[in-house]
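Q: Start counting the sequence shown at 113; every next residue gets the next number (the numbering used here).
To be clear, the hints were calculated from the coordinates, so they are not data collected in a lab.
Take every hint as true, because none was put in to throw you off.
Below are the PhoX-like pairs computed for lysine-lysine, each with C-alpha atoms no more than 20 Å apart in a straight line:
1. Lys240 with Lys258
2. Lys444 with Lys411
3. Lys558 with Lys581
4. Lys256 with Lys270
5. Lys569 with Lys270
6. Lys258 with Lys287
7. Lys507 with Lys451
8. Lys240 with Lys287
9. Lys210 with Lys258
Restraint-style ranges between C-beta atoms, simulated for each label pair:
10. Asp322 with Gln262: 18 to 26 Å
11. Gln217 with Asn191: 24 to 32 Å
12. Asn363 with Lys241: 38 to 46 Å
13. Gly547 with Leu205: 24 to 32 Å
14. Asn171 with Ser568: 35 to 43 Å
15. Gly313 with Leu371: 29 to 37 Å
Yeah, the Cβ is synthetic: ideal placement off N, Cα and C, and Gly gets one too.
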Amino acid sequence: MLKKILAACLAAVLVVCSLCGCTDSQKNSEKVSKKNNNAEEIFISSYKPDTFCPLLSKNEANIGMLGIVYDSLISLPDNLFPESCLAESWSVLENGTKWNFVLRQDVVWHDQTPFGADDVVYTIETIKKNEDSVYFYNVSLVDKIKANGQFELEITLKEPCVNFASLLYFPIIKKQSEEINKDTFRPVGTGPYRLEDLGEGNVLYHIKNDNWWGGEAVTDCITVKMLPDNDTALYTFSSGSIDMTLAEDMNWGRFVDPLSASYQAMPTPIFHFLGINHKNEVLAFEEIREAISLAVDRKKLTEEVMMGYAAESSLPIHPKWFVWGEKTDECKQSFSGAKKVLHENGWESSDDTYRKNVEDKTFKAEFNILYNEENQQRKDIAEMVKQNLEELGIKVNTQAVTFEEYTSRISEGDYDIFIGSSIISPELMFSFIIGENNVFGFESEKMDKAMTSLNSKHSISGIEEGYVKVIECFDELNPVVGLFFEEKIMVYNKRIENGITPSYFDAYKGIELLRKEEGK
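Take the sequences, apply the hints, and build the full model.
A: Structure follows, in structure tokens:
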């Protein structure tokens, strides 16, 4: 394995297109200045860029790297409560369908031209024209958008959305007169660093933007080394050639010496759950779904499957999100609680399984758990859940199928329970779970009423109050049985000072404030 990684490192000579329009003499001058003046420098990594247009890139590492160059309308922290960035403030009118944004007036692009509302209009219209953009969903509710002067923006939605501002974390690009060509796009941002290509092939430089509206960056240069994949990045980090990198493999410790490295866990909206078929006549009983939820050992799942890098949650709401409120996080396994729920609702254990008689019909608590065979993580989850439920007294079979059959059966409703995961969108409307035509066959007037009532909530306290009702519905109805939220890991050199603050929505958030102590 080590030889393969070393070979991959040697083979990683990637051709990077010419970027920000500097002349050769300017580039060489920058290069000499950076190398000879002992400028502060931090090394990170990325993979071969698919494009330098941040709206069209599908490469996660590339998007993270470009996040240092661009700013967004809002910054989205781990608690999902939007913070001002290029948008200084915002307000909502007409029952949640019209949003007004006031933009900063002290922002200039890297080419020294002024930033304004027309740039935001252009950015959103560009995303709406590109359905394959990773940000297309973020603007899918936008009906109309217009600039009211240079620094004011008006967005009209197709329908109310209480947390619409939370979707505006995508990068804002400069308005152009010509159609975007993702292969020749030249990045000009408003962020703390501007991207430069000094003709070195497999290295890019982020040079400090002295005119950044957010203040002066501490580090003069962020050097980006282009590597083939995450394994290579981790090995390169362990050799000391880069200072920070995301760890996509939970076993990152096999690459990294803990004595020379630190790490920061980042909460994510990646939610793992048991998908419930509400058309199944037994799973349609609320008490069965509640008993399943009580029987699952989430602590063991997170420790053994996710190596501790996960947050237990029975709900599609992370305990760190601002809408969680003051709810007590109750995820402990309780067989006694599960049995009590079943017995109180007429279920009796017979021949090692639970049965319930309703009129002349007997219902048996027996299920199949579906997962795609090539996903070891889902296999492990399925086996552990099976063990939990059989210990309770529910008979379970696991079914391993190809990914193609897995997705087909879920879309056709041909399953009892499946092991699934999804990214919860930060506007927190949970459309994939409770929206029309959801794959679970879930319907509830009570849940619909709780979600609809959110449209009239616009203050922080009002929104939190509204989500109390939503959380109560999830607790009571269990449309899916939540397991945990993934965490991502950023490993970094112990010589980096000031503390790193990475976020799922901004991997290198705050990198401009970092400093590396060379002699430490």
